[in-house]
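Asks: Generate the whole structure from the sequences, applying the supplied hints.
These protein sequences, in sequence, are chains A and X. The numbering of the first sequence is our numbering, which starts it at 1 and goes up by one. The numbering of the second sequence is our numbering, which starts it at 1001 and goes up by one.
Simulated from the structure, these hints should not be mistaken for lab results. In this text the structure is predicted, and so the values were computed from the model without any measurement. In this text, a Cβ means the ideal position worked out from N, Cα and C, and glycines have one as well. There is no bait here: all hints are sound.
Derived lysine to any residue pairs resembling SDA-like cross-links, with alpha carbons at most 25 angstroms apart:
{"id": "1", "chain 1": "X", "residue 1": "K1192", "chain 2": "A", "residue 2": "Y72"}
{"id": "2", "chain 1": "X", "residue 1": "K1192", "chain 2": "A", "residue 2": "F78"}
{"id": "3", "chain 1": "X", "residue 1": "K1303", "chain 2": "A", "residue 2": "F78"}
{"id": "4", "chain 1": "X", "residue 1": "K1192", "chain 2": "A", "residue 2": "V71"}
{"id": "5", "chain 1": "X", "residue 1": "K1303", "chain 2": "A", "residue 2": "V71"}
{"id": "6", "chain 1": "X", "residue 1": "K1303", "chain 2": "A", "residue 2": "R69"}
{"id": "7", "chain 1": "X", "residue 1": "K1303", "chain 2": "A", "residue 2": "L67"}
{"id": "8", "chain 1": "X", "residue 1": "K1192", "chain 2": "A", "residue 2": "R74"}
{"id": "9", "chain 1": "X", "residue 1": "K1303", "chain 2": "A", "residue 2": "Y72"}
Residues from chain A shown here face chain X by an in silico Cβ test under 8 angstroms; the list is partial:
{"id": "10", "residue": "R74"}
{"id": "11", "residue": "L86"}
{"id": "12", "residue": "I212"}
{"id": "13", "residue": "V215"}
{"id": "14", "residue": "Y252"}
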Amino acid sequence: MLLFLISVGLTTVFGVMGVLNFAHGSLFMLGAYLGMQFVRWFGSFWLGLLLGPPIVAVLAAFIERFLLRPVYGRDVSFQLLLTFGLMLFLDDGVRLVWGPAYHVVNPPAILDGVIHVFSYSYPVYRIFLVVLGPLVGGALWAFFAFTRWGKILRAAAMDREMAEIIGVRVPVLFTAVFAFGAWLAALGGALAAPHQSVGPAMGERIIIESFIVVVIGGMGSFPGAFVGALILGLLNSFATTLMPDVQMALPYILLAFVLLTRPRGLFGEET
Amino acid sequence: MRNILRGPSIAGLVVVAALVAAPWALSMYGVIVLTEILIMSLFAMSFNLLFGYTGLLSFGQAGFFGAGAYCAVLTLIHGPSSLWAALGAGFLGGALLAVPIGWLSVRRDEIYFAILTLGFGMMLFTVAHNWRSVTGGSDGLGNFTLPELNLFGWTVSLFNPRYFYFLVLFIVVAGVLFLLRVVHSPFGLLLKGTRENGNRVSFVGANVRSVRLFAFVIAGALAGLAGALFAFYNRIASPEMLHWAFSGKAVLMTILGGAGVFLGPAVGAAIFFVLEHFITAYTTNWMIFLGLILVVLVLLFPKGVLGSVLSFLARVRKGREP
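Replies: The following block contains the structure:
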């Protein structure tokens, strides 16, 4: 479900702005580290969840305004390269500040412990994540479908110039969208912190997986990100138990297969 | 045409002569560093054939580089203990892998191509990392001996870094000449055409996909060759060589030196190592500087160092003539 949060941010940014953000995984990681830092300072996981992501979003707004904006007119590759540079910078910056070691964050007291269902036991935190995923997904969907901002976003994604003509301030919108995507990524990171260990490699791992999700689902497609994340998540967990040897290669095989049969992804629009 | 080619080819001869003479002027350490720069130049230039000339940003070039390294080392361990056979295996291994991966990847361009190559590159990485019985897993393959080079009955031991340098220089120059030939052939024009406008190229009757696939295979083969040399240089083939961070190195070198400029990646590779040398003397976190440098380059000098210098020279010359 975390993968879904990251992928939605990535696919929204791509759909509206046409920018594929390599640094998205780094923002995710930054969210996790900030969450960890807030736990250390104030002892509160919830405070980290509340405060960390907006900080990352503000940072992302600056990145969009001062670094990304000058390269919109140029070849798409330059945007990729710019975000790639940012990724290197952020990843090593994190390593510089927090060190290369892995950190463990405990889930908040309410969500600590395990629940016994039949003969299996599940960590409460994992169940919390599983419940939270559809909630966040539903909230996002409602946001896109019913609110004014959501409509503006969809309009801009569909036809940037047309939206500009009818009075949408596209540059402001772009900054907002980029910050919004970063907020989602950082939220995912803060939520992931107690679930997995926090370390400098976590951004790199998630970015590749979310790339695959986004391509499988169809770039810029919101339901695509959901279904893609679901497929990849299921595939990963089943393959780990059934055939652990090929598990790591399976996502790529799936990627190749989807591209051969549906080059635009499962939910991509034909053009 | 003759006049256009004469200037660069004289400059090229001077560069090659300087490189041949370099071992006598440099310390042993300098020779070793120069060897690595040469290998990485070939690798980065194979990437530039795709990015600079064909307009395809590949983030999986290290997959072929590493595959070449493994093919070469596996040939030495299981097959004939011949240097040329191992190098050929690296070259062929890179090319053969590039055929199916390229076939899948060139269907899409720009961002999709970048993601696809990244994905497939990481797939190769996972294979190298997990297929313990063949690749040795994360330890890599290191237990091989470098055979002696047999030159018309005159055997040379490659354990001397200077001799090894000459071998690398010879192969890299051969690879570069091959690339030069490709770039200046009608096929090279087609490549640039697909970069500028794929539709028009297909209107004049060329098959854009097969043109791109062919470029992809050539790039894969040369990356494999560079990988084989790199495995000999390090005496090991390890999974890190296939990781996308390694692909990123080729991307960075190309951007540093100048994408689309023929020798840009080589200049970029040299700058890369000099920078790495100086910055790591102060701090181990040198990627942070590298990221900054890349951001600044993309924003201010999209042509790279060599590209900017060349266009500056061109402007000076133009200003003087009329």
